[in-house]
Every structure is written in structure tokens, then in C-alpha cells.
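Here the protein sequences line up with chains B, P and Y, keeping their order.
Per the numbering used here, the first sequence starts with residue 1, numbered consecutively.
Per the numbering used here, the second sequence starts with residue 1001, numbered consecutively.
Per the numbering used here, the third sequence starts with residue 2001, numbered consecutively.
What the hints contain is simulated information worked out from the structure, not anything from laboratory work.
Backbone N, C-alpha and C define an ideal beta-carbon position, used for all residues, glycine too.
Any given hint could turn out to be false.
Claimed, not checked - Each pair of labels, with its calculated beta carbon distance range:
#1 Asp2137/Y with Pro1091/P: 53 to 63 Å
#2 Pro1091/P with Pro2354/Y: 54 to 64 Å
#3 Val39/B with Ile1298/P: 28 to 38 Å
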Amino acid sequence: MSAIEETRPDQGAALTPPAGSQGGNRRLASRGGGVVAFVILLAAIADGPHLLGTANETLWTTIFTLMALAQAWNLLGGYGGQFSIGHGLFVGLGGYTSTILLLHTGLPVAGAIAGAVLVSGIIGAVSAVPLLRLRGVYYSVGTIGLLLAVQAWFTNWGYAGQTTGVVMPASGTLGFNAQYYMAAGVVVLTTVVVWGLVRSRFGRRLMAVRDDEEAAAELGVDGFKVKLLAMTISAMLVGLAGSMNGFQQLTLEPYSAFSISWAINMILACVIGGLATVPGPLIGAALMFELQQRLQGSSDLAPLVEGVILLIVIRFVPGGIWGLLCRWWATLTELVARKSAS
Amino acid sequence: MGAACTAAPNAFTRLIQFVSTSKTQLTELVNSIFYTGLYATLALGLTLVFGVMRLVNLAHGDLIIAGGYLGVFFGVNLGLDPLVALLLIVPVMMALTYPIQRGLLNPLLAVGEEPPLVATFGISLVIETVLQIGYSSNAQSLNPSYGVTGIDILGTNVRVIFVIALVIGVILVLATHFALTRLRVGKALRAASEDAEAAASLGINVKHIYALTFAVAAGLSAFAGIELGVAFSLTPTAGLSWLLIAFTVIVLGGMGSVLGTLVGGFAVALAQEYGSLAFGPQYQDLIVFGLLVVVLVIRPNGIFGRRLG
Amino acid sequence: MLGATIPLTGSLAAFGAQEKIGDQLAVAQINAAGGVKIDGTKHKVVVDYLDNQSLPNLVTSQAHTLVLQDHAIGFLGTPSPPLIIPLSLAADQLKVPVVHNNPIQAWLSGSKSGYTYSWDVFFNETQQTTTQFLASDEVKTNKKVALFDDTTPDGITMGKLWTQNAPKYGYKVVANESFPAGTTDFSSYIAAAKSAGAQVVIAQMVPPDAEALWKQMKADNFDPKTAFCEKCSYQNGWGSALGSLANGTMVSDVWSPVFKYPDYQAIVAASKKAFGGKINPGASNVAGAYTVALVLMDAITKANSSNGTAINKAIGETNGMFPSGHVKFTSQHYYAVKAFQTQWRNGNTVIVWPKVTGGSSVQAPVAGLK
Chain B
1 MSAIEETRPD QGAALTPPAG SQGGNRRLAS RGGGVVAFVI LLAAIADGPH
51 LLGTANETLW TTIFTLMALA QAWNLLGGYG GQFSIGHGLF VGLGGYTSTI
101 LLLHTGLPVA GAIAGAVLVS GIIGAVSAVP LLRLRGVYYS VGTIGLLLAV
151 QAWFTNWGYA GQTTGVVMPA SGTLGFNAQY YMAAGVVVLT TVVVWGLVRS
201 RFGRRLMAVR DDEEAAAELG VDGFKVKLLA MTISAMLVGL AGSMNGFQQL
251 TLEPYSAFSI SWAINMILAC VIGGLATVPG PLIGAALMFE LQQRLQGSSD
301 LAPLVEGVIL LIVIRFVPGG IWGLLCRWWA TLTELVARKS AS
Chain P
1001 MGAACTAAPN AFTRLIQFVS TSKTQLTELV NSIFYTGLYA TLALGLTLVF
1051 GVMRLVNLAH GDLIIAGGYL GVFFGVNLGL DPLVALLLIV PVMMALTYPI
1101 QRGLLNPLLA VGEEPPLVAT FGISLVIETV LQIGYSSNAQ SLNPSYGVTG
1151 IDILGTNVRV IFVIALVIGV ILVLATHFAL TRLRVGKALR AASEDAEAAA
1201 SLGINVKHIY ALTFAVAAGL SAFAGIELGV AFSLTPTAGL SWLLIAFTVI
1251 VLGGMGSVLG TLVGGFAVAL AQEYGSLAFG PQYQDLIVFG LLVVVLVIRP
1301 NGIFGRRLG
Chain Y
2001 MLGATIPLTG SLAAFGAQEK IGDQLAVAQI NAAGGVKIDG TKHKVVVDYL
2051 DNQSLPNLVT SQAHTLVLQD HAIGFLGTPS PPLIIPLSLA ADQLKVPVVH
2101 NNPIQAWLSG SKSGYTYSWD VFFNETQQTT TQFLASDEVK TNKKVALFDD
2151 TTPDGITMGK LWTQNAPKYG YKVVANESFP AGTTDFSSYI AAAKSAGAQV
2201 VIAQMVPPDA EALWKQMKAD NFDPKTAFCE KCSYQNGWGS ALGSLANGTM
2251 VSDVWSPVFK YPDYQAIVAA SKKAFGGKIN PGASNVAGAY TVALVLMDAI
2301 TKANSSNGTA INKAIGETNG MFPSGHVKFT SQHYYAVKAF QTQWRNGNTV
2351 IVWPKVTGGS SVQAPVAGLK
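Assemble the whole structure, with the sequences as input and the hints as a guide.
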């Protein structure tokens, strides 16, 4: 298991190291173990196409994209305390931007992706100015309003194909292997970025603002600036994953590209997996994807099961699945320690 | 991208047309007045729950729709007229929602601001899927005669259902206001909304009060659901758009203000009617959202501020 | 093994359900004769259905699952451009053919260079958008037309064509209302149509929106002489949801039992069973799906292979009688069925234009809205 996570006190127990040198050694061991595990994981991902075969490869491309989306949302939602229900905005912007750039300019794929990230970041920053003045549920509803406004704009915009949307040209039609590696790269990048930010001074400030903005202000933290940065970075990462989605779908139209369900899935993944944790969104996204695959025959049931799981988690297991696993691990190591001491 | 920004020029020409005609725009005014009843009823439950518990119920739109679907159920199985069916629907909705507040939301309210919000989100998903499983996604509608007949008011044809909705809306708003200000249970509600701990120490069963509020809100929403089913149609996922309208109504009229729902409802209807006239009807939703975002940013507590009653 | 990603839930659920009935009829027919022939041996056909919930987002991934995981060698169609365009693109990417029923121009608009593995059997909007005027010519009207089109690809395609075609037949479009799918309040549009004095109403919308529009037209005492509801009334639900309000609505159709095309009795029987004893566009949807499934399975046997490219080539060589008529594809991969006009009467539809034996004549004004 990887290193110690910081979570909100009421969101589930954090892994606390026992005091003393024994604890210090154990921490070192668990940190080292975490790095080794990470490297093994990377190697497994890199060998993916060989291990998985084409069918599973496309599934994993989707899973990686969903994980990246959830992870990016979590930066703003779990760690920043701003629940954006309109985050699908950046999925659509990312996808449309990269597709349109490939359609109308001579940019290579990398350039189109960079454009998607840039546009998402700009819109994220600009929209943050009015929206971040809203707290709690007002912010959430404001993001829905913005999403639907942009959706309505795209359905009327001739340049973006109005309701027919845009179709990926040949220059953007990538092989399954390429898509797999891109998606894998995106989820690794997103996770590393979020992990790094959370550990940094910026991360601590963000969480301080989330927990009590007034108190943080008294300590000299500009809540608005911190949240603005979080929102911009989150938007850029979502835009990046959104452009991956564009490469997979090959065609985009406004109602599905700018759908509320993107954010709904991000929120479900994060809450079920563990809000304000790094592994949480990954676990949650994978779990939900698995659920949707299993229930594909009776697709009515999938949202129902997800909704019920969400209610159970929020009521009884607020730390999410990761929080639960951490607690079990802590209990287990306690028992082992006691056994070896006696 | 000077290419085809076809959207903007259309809107602009209509705006110019709107400003330059001197035609009396009585139709829009009449329509706005008669939409007020529906919109106030849509928002009443939401404002009540917010006023008492400081909770924005994200499942509010779905509760409204669920009430409408119960109307379809009783219409098909018992042959009841939608408005008559309300006699059954309201108690059923109240019975279903009381335990949700008591068992799920009450404990979460004590934890913080986000958990109850996320929970109402989950409830919304569950309601939508249950409706989908029961009725598929095909639109359902209630078809009594008052949904398809209109009467002439000041030169505008108004559907009878909207006249009924206005009457119902005004009655419900006034009744709720009366209950909150004159009846004992209303005073208990207001005490709990101001300071839950103090109310508890005065012997008020706050848990029960909260659950009762939630249930009453669902019952009131059933009226709106029936009206929507008669005037328009019902689909399992329609809840979100109605939630947004209800939210705009209470933001404009005052979060927690019952009388404010009439004011907010009228304001939203006006914005829609004149906005469509000015910019074209396909921008109707955009105008309402724009209004919502603007008001949220400028005056988050609404025009009339937040106080229960 | 054939794959199908169809809307079994969502705003297009009515069409998905009807397609499934048609597919199953075709599969039963082929399996009764032993199945399709691949590499010399006969194999029974099985169709793997996935519900795309009317959501374009799910189509591509479901197409991948069907081919890569479940080894489907062909796709059966899915209704409406937002769904068939991604499916056609996925078919080209996976090199597995898809045969479907969708308005031709709207489908073609999804790819500037055309499709390689996608084949369409349906009407061509350029012909279909003339039938409304020709049918209205059968009765006396003031030739003033109100258009109600949503902004979906079908709505945009047909709306443009109606505006172009109207003057060619002596009609004038006096109200051209366009709105997004999902609109619920049509009072301002109806007011515009009324004040312009329109007596011909032509609508292209999804079923839920059209039901609201019709109810509002009735309440508003808007009483046109002829009314057409394209796509919206092209399914069984129009009659069953609206009851008598649906009477008199006209809709373009591509199949009718009076033509006595192959297998029409089986289609009539299955439709009556599924749609409460009525014969209406529900049956036409069934017939269309029956046809494309047969085309696909016949091509597999002709190619004698499970290879997508070989099957695709065989589809291109199709030339024979099917439930939808004599199917032969153009170089652009479609077979344009001639559209005609039918009118709703108490849950059934009858051909009213052109005049054929077994059909009827246009009744005006629109009975349900009177």
C-alpha cells in the first residue's frame, strides 16, 4: 500500500503511523513498497496490448479515460470542496477542440491535444471568476447552468456542425494501440500531477480553504486564488482526457459531448472510491465501469445500483472504498504488531 | 473563427425587431401571469426544504416527476382524473419520503454540507432509474380535457390547465404561508430553522420536524407533477430541467421565502416570454440559465433574501 | 453472430423495440432453413443486443465490444442519425458491415467522403420532402405552410428541403419555427403559425416533443387542413399515446401490406401482436429491419465467409426482392425506397397518397385537432 493519505476527519480514518523508530522503519518500508508497486504497475500497463489483446485493450482505454476524468474532478471537488456538476463542459471542449483543430488546421495530433488542454484551461479560468464566488450548492448549480449554456451554443454553431457535430478526419483516426498508450499516459500523468499537488504547499492550502475558508484567510491564504488555480488545472486535465474520448468516439455531437452524465460519473467514482484520496477515483471509476459492463444487458439497472451504492457509501462508509481498505489495513497491521510483540 | 457564427446574427435581428415594433405585447404578459402558478408550485417544496434545513434537494425535480407518474399510474389502474388522483398521490409521496429524510438525510445533515447534497444526488439517480424501469423512457402524458382546451383571456388563448395551476398555486402558497406563521407546527418549523439546538431544548422534536418538512415538500411537489403531466409530458430524466427552473424561482424570490415563489415564478416566466420574443424561442433555456448565473453571482441570497416564511 | 447496438431505452426507444421485432423475424426465417453458410457449413444466427439508451456516447464503445469481444461479423442497424453516424464510422474502422434504415441525406451528412462498410435502405429526403405538398394538393388549402422542425440532423435536412420545395409546388412557407429537441412549450410557435394563417402543418420532431405540440395545438384551437408529423408519428406510440388526438395526422412511409411484398403476412401478424392489433408505421419499422437483416444474412451466405470485407462486397452486389421491395444499392451505398403518405385513423394508418388499391384518400381537416 502506498504512502499516507490526507483525508478529512469526517471522511474516514487516515492511516496514522505508530510512534517510535519501529513506526519510522515501517513507514520507510511502506514508502519503498509503494514505489516498487508503482513501477510494477507501469510495466504492466506498458505491456498492455500484449497482455490484453485488442478487445480488452479498447475497454482499458475507456477505463483509463474514466479514471483520469474522475481523478481530475477530485482535485477540485474532493480536495477543493467545490462540487462541479457541470464538469462535462471540459470533456466536450477537449474533444471538440482537438477534433476541430485536426479538421481545419494542419496541426499534428500532439498539437491538437495541446490546443484542447489550452482551451479548456482558458475557459476554466475565465468561468472560475464569476463561479468561484459561489459557495456550496450555488456553485454546483452555477456549473450546470454554464454547461447547458455552452451546450446550447454548440447546437446552434455552424462551425462546429450544430447538431450533427464533428467527425474525426483520417489524420486523427488512430489505431487501437496508439489510443491505449495515450489514455494510459493521460491517467498516469493526471494521477502523478494530482498526487504531487496534494502533497505540496498548494495542496495544503487548498484543503485548508476547503475546510474553513475564513480561518484560512486569517492565516493569509487567498481562497479565491487557490481555488482558481485548482479549477484551471482540473479543467486542463479534464480537457486532456476529453480529447482522448474524442479519439475513441470518432464523432462528437453536442448533447452527448456536453452531457451532465460525465460529471455524474466523476462524482460517483470519487465518492464511492474515496473523496480526497488519490487511489479513490481510480478504484471508483474501475468499479463503476465493471458494473456497467456486467449490467449491459439490463442497462436500466446500472444507474440504480450505482445510486444505491452511493447512498450506502455516503451514509455508512464516508471514506469510500479506499478509506475502508485503509482502515482494514491499519487494523491488520495493528494485529500483526501485537502478535509479534507478544 | 469568423466562419459561421450563425447563432448570433439571428438573435440580433430578432432583438432589433423586438425593440422597433410598437405592437402591444399583451400575450407575453398574460402568459407570464398564468405560468406563475405552475412555477410557484414547482418551487414551493424546494424553498420549504431549504428554509427549514438549509438543504438544496437535488432530487426535487425527480420528486415532482414521480408525483406526475403516480398520476399516470392511478389514471391507468383506477381511471382517476389526475387532479382527483392527488388525493391518493399526496399521502403516498409523503409516506415514501418521510423515512428518507428520517433515516438517510437527518444523520447526514449533522455531518456537514456536502454529504446530504451527495445523498440527494443519489436519491435522484434512484428515482430516475425506478421510473425508467417502470415506464421506459417513452414520454407519458396525462390527457384530461382541461389539458387540451383553452379559453380566451384578453385576446390570448390560455390553456385551462394553466388557469387551474394559477388557482392551485396561489392557494398552496397562501396556505403554506398561513401554516408557517399561524399554526403551531409552523412555528415549530420556524424555530427549528432558526436554531435547531435551541428548538430541541424547547422540546421540539427536530428530527420529526425535518422529516415532516421533507414529506410535505414532496406532497406539494405532486401538484406540480400532475400539472406538468397535463400541460406537457413526463419522462424519467425530465427532473433536472424542472429543478433548474425551480432553483431559479427561489433564487429570484428569496431562498426560503414561500410568498417569494409567486414573485420568483412571475419573474422567471416574464424572462422566458420576453426573452424568447427578443432573441428567439430556441434561446429560452439559455436566458433562464443566464439569469440564474447572473443573479447568483450578484445577489446569491436572492432579491428578497433568505428567511423562512 | 450478429451485433446490434439499438436504443431500447431513451427518446428513441419506440424505434429500437420495433427494429428488434423485425430482426428476430428475419433471423427466425434464416435459421428455419439452417442458418447462414460460412466456409461451406451452415451456422444458426444469433443476435447480440446492447442497449445504447439513445445515447451517441455509448454507440462506439458498444460497437467495439460487439466485434472485438463478442466476435460479431455484421451489425444490424440503429435508428436516427446521431446513432447511425457513429455506428457507421465504427463499422468502417472495424471493417465490419452495417445495414440499416435511416433517412439517406441526414446519414450521408455524417461523412464528407461517404462510407465503405455502411449500407442504407430508406427514403431519400429529396423525394420524401415533396410528398407532403403532393398529398396536400388532394384537398383544398390556402397553400400556406407552417414548418415545425427541431434542430436534430433530420430536422435541419428536411427543413431546408421543405423550404426549397414549397415554391415548386405553389406553396408558401409562412412560418418556419425551429427549436431544440426537448422543447416543451410551443405556444409562441403556434401563435406565429396561426397569425400567419397557415393551413398546412409540417413537423419533424421526436415523439415526446410532438405529443406536447399536438396537445397545445388542440388547446389553442389551431385547426389545420393537413398536418404531417415526420419521425414523431412514424411509430406505433403516436396512436396509443394520443388516442383520438392522433387522427388525421399524416406521415411518410415506405412499406405497406397492400403492396404484398415478400413476407408481408408475417410482418402483419407480428405487428398486430406487438401493437394491439393495429397496422401503422410500427409495422413499417418492423419491415425495414426485416429487410436489412435479410440483406446482411444473404450476403454472408453469398460470401460464404465470416470476413467483414468479403461480406461487405457481397452486400454491394445485392439485387433482389425483399420485404421493402427490390433492393439494389447505388455507388453511395443506399437504396432509396419511394416514400408515400399515410394517414392515421384510430390507431391504423392507410395510404392516402398516391392513390392505390387498398388505400384511401386524404381526409381534411385534421380530425384529431378539429
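For which of the previously enumerated hints does the structure constitute a violation, in increasing order of number? 3
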